[in-house]
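Participant: Sequence:
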Amino acid sequence: MSEATGARRGRPGYDRDQVLAVAVQLFNEQGYDATSVADLAQRLGLTKSALYHHFTSKEQLLALALDSALTALEASLDAAQTAEASAAERLRAVVHGAVAVLIDHLPEVTLLLRVRGNSPTEQAALERRRVFDARVASLVSDAQSEGWVRSDVDAAIATRLIFGMINSVVEWYRPGGPVDRDALARDILTVVLDGLISRDPPPVR
7 MSEATGARRG RPGYDRDQVL AVAVQLFNEQ GYDATSVADL AQRLGLTKSA LYHHFTSKEQ
67 LLALALDSAL TALEASLDAA QTAEASAAER LRAVVHGAVA VLIDHLPEVT LLLRVRGNSP
127 TEQAALERRR VFDARVASLV SDAQSEGWVR SDVDAAIATR LIFGMINSVV EWYRPGGPVD
187 RDALARDILT VVLDGLISRD PPPVR
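Heads up: the sequence shown begins at 7 in the numbering used here, then just goes up one per residue.
Please note that a few of the clues may not be correct.
Said to hold, decoys possible - Simulated restraints, written as ranges between beta carbons of each label pair:
no.: 1; residue 1: Ser42; residue 2: Val159; range: 43 to 51 Å
no.: 2; residue 1: Val43; residue 2: Gly153; range: 51 to 59 Å
no.: 3; residue 1: Lys54; residue 2: Ser144; range: 39 to 47 Å
no.: 4; residue 1: Asn124; residue 2: Ala91; range: 33 to 41 Å
no.: 5; residue 1: Arg166; residue 2: Gln24; range: 31 to 39 Å
no.: 6; residue 1: Ala89; residue 2: Gln36; range: 38 to 46 Å
Because the hints were derived from the structure by calculation, they are not lab data.
All C-beta atoms in this analysis are idealised placements derived from N, C-alpha and C, irrespective of residue type, glycine included.
Just need the whole structure built from these sequences, with the hints factored in.
Facilitator: Set out below in structure tokens:
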């Protein structure tokens with residue numbers, strides 16, 4: 007188990023995963039740039055030296071949090087892309103998977119959506135997100151070529167609109183609330199795909 011990803015026990019009271027979770031919460035509350043190591047140590051009730059026992063820097067905390075969100079998104083896309091299904095069904099799986107990732111990794115995805123490229127770590131995360139978006143846009147294009155998705159909508163714009171809707175969930179979704187994860191994914195799929203679906207789709211095989 008690597009130090010970058012493992013949950014190793016350190017000073018009493020916290021392990022690495024717990025420290026990271028508190029850091030992400032604080033970054034989301036105050037903003038990453040506005041949060042100091044002293045702020046984080048105070049929230050945890052640790053000295054700064056005890057905090058450095060777990061992580062080498064604030065930047066490492068950010069990198070791990072962003073990697074968690076991006077890796078989960080990329081995995082959901084990889085799984086959808088390897089399925090033996092039409093492009094439309096793979097697109098449906100991507101949307102459903104992205105909603106699940108957002109809810110299951112809500113703090114980390116929220117942080118990802120707030121980065122602006124102010125550091126090499128943020129720039130690397132944004133580049134990974136651009137690659138992800140390009141892969142989804144290619145899938146939308148495939149669905150257009152197969153006749154499942156209307157061709158009068160630009161694939162890249164459609165991808166931005168789809169994820170604009172998905173990403174807006176971070177502003178109002180509350181874990182443990184009345185909104186069921188799978189029901190939310192179905193609702194988003196209905197709104198998204200009913201608008202994109204071709205007026206003359208190919209016959210179902």
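Participant: Look at each hint and say if it fits the structure.
Facilitator: Results of checking the hints against the structure:
no. : hint                       : result
1   : Ser42 / Val159: 43 to 51 Å : 45 Å, holds
2   : Val43 / Gly153: 51 to 59 Å : 55 Å, holds
3   : Lys54 / Ser144: 39 to 47 Å : 46 Å, holds
4   : Asn124 / Ala91: 33 to 41 Å : 40 Å, holds
5   : Arg166 / Gln24: 31 to 39 Å : 35 Å, holds
6   : Ala89 / Gln36: 38 to 46 Å  : 41 Å, holds
When held up to the earlier numbered hints, the structure conflicts with none and fits them all.
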